[in-house]
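K.L.:
Make the full structure from the sequences, and use the hints.
If you read the sequences in order, they're chains F and C.
Position in the first sequence (from 1) plus 25 gives the number in this note's numbering.
Position in the second sequence (from 1) plus 6 gives the number in this note's numbering.
To be clear, the hints were calculated from the coordinates, so they are not data collected in a lab.
Note that beta-carbon positions come from the ideal geometry of N, C-alpha and C, so glycine has one too.
Hints may contain errors.
Here are the simulated lysine-lysine pairs, DSBU-like style, with alpha carbons at most 30 Å apart [stated by the list, open to error]: (1) K80/C with K143/C; (2) K69/C with K80/C; (3) K80/C with K252/F; (4) K114/F with K103/F; (5) K252/F with K143/C; (6) K367/F with K103/F; (7) K114/F with K356/F; (8) K367/F with K148/C; (9) K69/C with K252/F; (10) K467/F with K438/F; (11) K121/F with K148/C; (12) K263/F with K80/C; (13) K356/F with K120/C; (14) K121/F with K367/F; (15) K438/F with K367/F; (16) K263/F with K120/C; (17) K80/C with K356/F; (18) K120/C with K367/F; (19) K80/C with K148/C; (20) K69/C with K263/F; (21) K263/F with K148/C; (22) K148/F with K103/F; (23) K438/F with K121/F.
Where chain C lies over chain F, by a calculated footprint (3+ residues, C-beta under 8 Å) [as the list claims (entries may be wrong)]: (24) 136 to 142; (25) 210 to 220; (26) 370 to 376.
Here's the letter readout for the chains.
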Amino acid sequence: MRWEEVSALVDDRVTDGWFSVHRRAFTDAAIFDLEMRHIFEGGWVFLGMASQVPNPHDYLTTTVGRVPIVVMRDGEGKLDAFVNACTHKGALICHKRTGSGRLHVCRYHSWSFDSAGQSVGVKGLRDGAYSDAFMQTDRNLSRLPAFADYRGFLFGSLVPTCPIEEHLGEARHLLDVAADQGEDGLELVPGEVVFTYDGNWKMQLENCADAYHFTSTHPSYLQLIEKRRREEKKNVVKSVWGENSAWSEMTEGITGGTYGFDQGHVLNWQVIPLSDTVPLAERAELLAERYGAARRDWMVNMRNMTIFPNLQVAENASSQLRIIRPLSAGKTEMRTFCIAPKGESDGARRMRIRNYEDFFNPTGMATPDDTVCYADCQDGHANALQPWILGYARGMESVQDGPDQFADVLGMKPDRSQPCGSQLCDETLFHSYYRAWLSRLKVGMERSA
Amino acid sequence: MIGRDEVHDLLAREALCLDRRDWDGWLSLYTDDCSYWMPAWRDEENPTDNPDRELSLIWYQGKHNLEDRVWRVKSGLSIASVPMLRTAHQVSAILIEGPDTVSASFACHVHNVKRRTDHCFFGRYEYRLVHEGDALKIAAKKILLMNDNIPTVADFYML
Chain F
26 MRWEEVSALV
36 DDRVTDGWFS
46 VHRRAFTDAA
56 IFDLEMRHIF
66 EGGWVFLGMA
76 SQVPNPHDYL
86 TTTVGRVPIV
96 VMRDGEGKLD
106 AFVNACTHKG
116 ALICHKRTGS
126 GRLHVCRYHS
136 WSFDSAGQSV
146 GVKGLRDGAY
156 SDAFMQTDRN
166 LSRLPAFADY
176 RGFLFGSLVP
186 TCPIEEHLGE
196 ARHLLDVAAD
206 QGEDGLELVP
216 GEVVFTYDGN
226 WKMQLENCAD
236 AYHFTSTHPS
246 YLQLIEKRRR
256 EEKKNVVKSV
266 WGENSAWSEM
276 TEGITGGTYG
286 FDQGHVLNWQ
296 VIPLSDTVPL
306 AERAELLAER
316 YGAARRDWMV
326 NMRNMTIFPN
336 LQVAENASSQ
346 LRIIRPLSAG
356 KTEMRTFCIA
366 PKGESDGARR
376 MRIRNYEDFF
386 NPTGMATPDD
396 TVCYADCQDG
406 HANALQPWIL
416 GYARGMESVQ
426 DGPDQFADVL
436 GMKPDRSQPC
446 GSQLCDETLF
456 HSYYRAWLSR
466 LKVGMERSA
Chain C
7 MIGRDEVHDL
17 LAREALCLDR
27 RDWDGWLSLY
37 TDDCSYWMPA
47 WRDEENPTDN
57 PDRELSLIWY
67 QGKHNLEDRV
77 WRVKSGLSIA
87 SVPMLRTAHQ
97 VSAILIEGPD
107 TVSASFACHV
117 HNVKRRTDHC
127 FFGRYEYRLV
137 HEGDALKIAA
147 KKILLMNDNI
157 PTVADFYML
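P.N.:
Take a look at the structure:
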């Protein structure tokens, strides 16, 4: 596929009041292949949390695009990322989601590697009549050319690329707001939940940042939350959505907004007042003392953050870390965790977990309504009569360049800001996704040309 | 003590109520203060076992929470259950393990009418049962879902 065909899929003419993405970007297998090669396997992607591998010799496994990856801590405690494949034939070296081991012996022909990825043994080396050419070949696990730990969030790239600070850019302030909530950082609550949906991975990218769908897609959840608030029965979980009406049509003034960053990261946020439905409430004063009330308020606010292309941290009814793993143009795997400040009280943790289960789980009362809509859209993207998606238009006339007064609180300089009321439901923040999408595809296609 | 016949009847009735979408019938099998729990998996080998510090797929105490879930799928407001998926529960290997505890294995075949796809959730049930008058009721149900890689949705009536 030629670059001209790819770039034609994003019609970016905001000066004319127009931005759209061609539906083919969601359905075409050739596009999907380019995305795998040049976005997921061609630049920074999220790998996991440092807290998953706390001790020397710990490892976690994941994938980058189609490539199996292992992140390991060596004997000195240094983290690094490798292709999780024996350099002999390619068999997986580490077999569990997380585990530990000083020495990893391949189960196929017993080549062995230490926790720093070094080859430490080839079975029958002396008797193997190997050539000099073989003996001089690097047998170590293939180290990722780029790996970084930003405040406990681990990133890697299968190609040499810019420093992580450059990739995160101004969005690093958002990771800081998340990480600062815990005295000792963040942890993943035990219990990973994995689900798939029959739609393109970019549906998830968009939905996380989409305020417009909330009252349409989740009326069953919202009505139940409202009923629970009225009834105040014992043993029902109270939700921040029951105490707060930032999404309601009755709410006036600026209730939140969006930010876009030129590396494709975005944030959709809403004011959430402190109340007893906020797990952070118990530490609100302490956090205000340490960081100031304005920055503390940012920690309490609803924040749905995407770090392009595969990490989302959604802090709303509870707090979820999502790793997006595209399987094909029409199928996506979601690996999801409850993410929480280390050291929070039993009561706060319980409230966080209960709200998480009801809202975020594929066995809960909100997420399946999203993912079923994604699958419906995937079917609808076959529409060649109107091939341009009309979902990038809300807020076109009000979006502003640079930061707003709320970003200033964090010292954060996004490329664009949209402070807004409850009913604007900005769609222009998605533009940032597709500009980065094109930019990464372009760099990759030029590199491989 | 709980008797083998009434245990078998109760478990079959629960499966039948769910497959027939006899929600009132299903709810009537539970005590008011029942617990209903489907753990998540901590790792490859172990389900989570402390619902206050670890994540569950579903964790409720009190029948009113189950009533909420029933209301949601009946309401028509949840697109995940419009149209409602068809189910056939199979419950077998029913064993009374203690004075009030029962284990069973289950498979629930689910047909997604809209997408014309099929899936089978399977795993084990663990029950704690009590008599309320003459009726044997479910005081606690734990669902251990073995295939927890979930295709889009796993609602209570598919488990």
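K.L.:
Quick one, are K263/F and K148/C close enough, alpha carbons at most 30 Å?
P.N.:
holds (23 Å)
K.L.:
Mind checking the alpha carbons of K121/F and K148/C for me, to see if they're no more than 30 Å apart?
P.N.:
holds (26 Å)
K.L.:
Verify the proposed pairing of K356/F with K120/C, using a straight-line Cα cut of 30 Å.
P.N.:
Distance ~17 Å between K356/F and K120/C Cα, so the pair holds.
K.L.:
For a C-alpha distance cap of 30 Å, please report whether K121/F and K367/F respect it.
P.N.:
OK: K121/F and K367/F at ~24 Å, within 30 Å.
K.L.:
Could you grab the alpha-carbon distance between K114/F and K356/F and see if it respects the 30 Å cut-off?
P.N.:
The given pair, whose Cα atoms are some 29 Å apart, holds under the 30 Å limit.
K.L.:
Does the alpha-carbon distance linking K114/F and K103/F stay inside the 30 Å limit?
P.N.:
Cα-Cα ~27 Å, so holds.
K.L.:
Cut-off 8 Å, C-beta pairs, minimum 3 residues; does the coverage of the segment 210 to 220 of chain F by chain C stand?
P.N.:
holds (count 7)
K.L.:
Going straight from one Cα to the other, do K367/F and K148/C come out at no more than 30 Å?
P.N.:
Holds - the C-alpha atoms of K148/C and K367/F are around 28 Å apart, at most 30 Å.
K.L.:
Would you mind confirming whether the straight-line C-alpha gap from K69/C to K263/F stays at or under 30 Å?
P.N.:
holds (16 Å)
K.L.:
Tell me if the straight-line CA distance from K467/F to K438/F falls inside 30 Å.
P.N.:
holds (25 Å)
K.L.:
Taking a Cβ-Cβ distance under 8 Å as contact, does the segment 370 to 376 of chain F have three or more residues in contact with chain C?
P.N.:
Holds: 3 residues of the segment 370 to 376 of chain F have a Cβ under 8 Å from chain C.
K.L.:
Tell me if the straight-line CA distance from K69/C to K252/F falls inside 30 Å.
P.N.:
holds (15 Å)
Checked against the numbered hints above, the structure violates hints 16, 18, 23, 24; every other hint is satisfied.
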